[in-house]
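There are 2 protein chains.
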Amino acid sequence: MDNSKILIRVAEEKDCPAMMTLIQELAAYERAAHEVTVTFPHFVESGFGEHPVWWSLVAEVDGKIVGIALYYIRYSTWKGQRLYLEDIIVSEQWRRHGIGSMLMDEIIRIAREKKFSGIMWQVLDWNQSAIDFYAKYKVSFDPEWINCHMDL
Amino acid sequence: MDNSKILIRVAEEKDCPAMMTLIQELAAYERAAHEVTVTFPHFVESGFGEHPVWWSLVAEVDGKIVGIALYYIRYSTWKGQRLYLEDIIVSEQWRRHGIGSMLMDEIIRIAREKKFSGIMWQVLDWNQSAIDFYAKYKVSFDPEWINCHMDL
Numbered sequence: 005m006d007n008s009k010i011l012i013r014v015a016e017e018k019d020c021p022a023m024m025t026l027i028q029e030l031a032a033y034e035r036a037a038h039e040v041t042v043t044f045p046h047f048v049e050s051g052f053g054e055h056p057v058w059w060s061l062v063a064e065v066d067g068k069i070v071g072i073a074l075y076y077i078r079y080s081t082w083k084g085q086r087l088y089l090e091d092i093i094v095s096e097q098w099r100r101h102g103i104g105s106m107l108m109d110e111i112i113r114i115a116r117e118k119k120f121s122g123i124m125w126q127v128l129d130w131n132q133s134a135i136d137f138y139a140k141y142k143v144s145f146d147p148e149w150i151n152c153h154m155d156l
Numbered sequence: 005m006d007n008s009k010i011l012i013r014v015a016e017e018k019d020c021p022a023m024m025t026l027i028q029e030l031a032a033y034e035r036a037a038h039e040v041t042v043t044f045p046h047f048v049e050s051g052f053g054e055h056p057v058w059w060s061l062v063a064e065v066d067g068k069i070v071g072i073a074l075y076y077i078r079y080s081t082w083k084g085q086r087l088y089l090e091d092i093i094v095s096e097q098w099r100r101h102g103i104g105s106m107l108m109d110e111i112i113r114i115a116r117e118k119k120f121s122g123i124m125w126q127v128l129d130w131n132q133s134a135i136d137f138y139a140k141y142k143v144s145f146d147p148e149w150i151n152c153h154m155d156l
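Heads up: the protein sequence lines correspond to chains A and B, in order. Mapped onto the working numbering, the consecutive letters of the first sequence carry residue numbers 5 to 156. Mapped onto the working numbering, the consecutive letters of the second sequence carry residue numbers 5 to 156.
There may be inaccurate statements among the hints.
Identical chains blur together in the list; that is why a pair holds if it fits in one copy or across any two.
[Unchecked claim] Pairs of lysine to aspartate or glutamate, EDC-like flavour, derived with a Cα cap of 20 Å:
1. K9 to E64
2. K118 to E148
3. K119 to E54
4. K142 to E64
5. K18 to E96
6. K119 to E96
7. K140 to D155
8. K83 to E39
9. K118 to E49
10. K9 to E29
11. K18 to E49
12. K118 to D155
13. K142 to E110
14. K18 to E148
Hint data in this document are derived by calculation from the structure and do not stem from the laboratory. Model, not experiment: these values are computed from the prediction.
Work out the full structure: start from the sequences and follow the hints.
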């Protein structure tokens with residue numbers, strides 16, 4: 005298909021339902037659909053309420069949202085403010101069209117523009133296709149850290 | 005020593021120099037002193053400027069800052085807003101007085117008060133004393149994720 009039909013733009017509030025659909029699609033791919041417990045109103049409020057804590061790009065084809073790249077600001081006491089790329093998702097039927105790279109390139113541009121010291125994210129150690137995708141960039145991989153969480 | 009002499013309180017701007025000293029101490033312990041490239045003005049601005057992106061507790065003994073617990077808001081597309089505990093540090097000569105537990109307990113109280121869905125952090129896989137400390141709480145450990153970063 006013609007890449008000129010793919011539009012990368014900043015997410016708006018009206019995109020939230022389509023974004024949530026993609027988030028649930030990724031969770032199913034990561035074998036964790038049951039882990040998505042966030043509510044839709046909380047998702048919208050967190051992105052477009054009085055004190056936003058997330059921002060996102062969307063990839064649009066013919067008016068349909070087929071990809072997102074959602075981030076928040078991480079504060080590293082070593083490196084200062086960094087862009088934490090929470091999710092980069094392309095709908096399964098729209099892969100292999102370069103949409104992931106277009107989203108990633110725009111994320112890098114935004115991070116530079118906002119003077120973040122870098123970009124961080126995580127990848128599952130068995131998700132080889134994602135690891136291969138990221139390895140095309142100048143990325144450091146660090147498996148030495150263990151994630152810890154306490155649900156409240 | 006008498007625990008009643010230990011005061012846990014919210015960090016103020018005047019605490020920043022002592023906090024930065026503790027951050028550098030931890031980096032040295034983690035064999036990464038050279039990795040601390042954040043500037044002091046950026047640190048202060050990020051915590052106490054117009055749009056704060058970090059918040060912190062301090063542990064004080066006789067007017068001296070001997071510990072910190074610094075966090076930011078993570079947005080999980082699965083779990084919503086979570087408290088991301090970036091650093092919990094107790095100065096080496098003040099360990100084994102329960103200060104880490106006092107900081108952790110107050111972090112948990114704040115996370116509940118602010119209605120965060122949980123608390124997240126990371127630990128280095130060789131830092132057994134930290135892993136043992138966290139294991140006293142109802143914590144899930146997940147080594148399946150690889151950290152990725154791109155410095156800009």
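Taking the hints in turn, this is what the structure says about them:
For the identical chains of this complex, K9 and E64 are intra-copy neighbours only, at 8 Å inside a copy versus 59 Å across copies, given an alpha-carbon limit of 20 Å. For a Cα distance limit of 20 Å, the shortest separation of K118 from E148 qualifies neither inside one copy, at 29 Å, nor across copies, at 31 Å. In this assembly of identical chains, K119 and E54 lie within 20 Å of each other by CA distance solely across copies; the values are 16 Å between and 23 Å within a copy. Taking CA atoms no more than 20 Å apart as the test, K142 paired with E64 passes in neither setting, with 27 Å inside one copy and 42 Å between copies.
For the identical chains of this complex, K18 and E96 are neighbours neither inside a copy (22 Å) nor across copies (51 Å), given an alpha-carbon limit of 20 Å. With identical chains, the CA atoms of K119 and E96 are never at most 20 Å apart, being 32 Å at best within one copy and 34 Å at best between copies. Taking the shortest Cα distances, K140 and D155 sit within 20 Å of each other only across copies (15 Å), while inside one copy they are farther apart (35 Å). In this assembly of identical chains, K83 and E39 lie within 20 Å of each other by CA distance solely across copies; the values are 8 Å between and 31 Å within a copy.
Taking the shortest Cα distances, K118 and E49 sit within 20 Å of each other only across copies (15 Å), while inside one copy they are farther apart (23 Å). Taking the shortest Cα distances, K9 and E29 never come within 20 Å of each other, neither inside one copy (23 Å) nor across copies (52 Å). In this assembly of identical chains, K18 and E49 lie within 20 Å of each other by CA distance solely inside one copy; the values are 12 Å within and 33 Å between copies. When the C-alpha separation of K118 and D155 is checked against a cutoff of 20 Å, the pair qualifies only between copies, where the shortest distance is 14 Å, while the shortest distance within a copy is 32 Å.
Taking CA atoms no more than 20 Å apart as the test, K142 paired with E110 passes inside one copy only; the shortest distance there is 15 Å, against 39 Å between copies. In this homomeric assembly, K18 and E148 never come within 20 Å of each other (Cα to Cα): the closest approach is 39 Å inside a single copy and 34 Å across copies.
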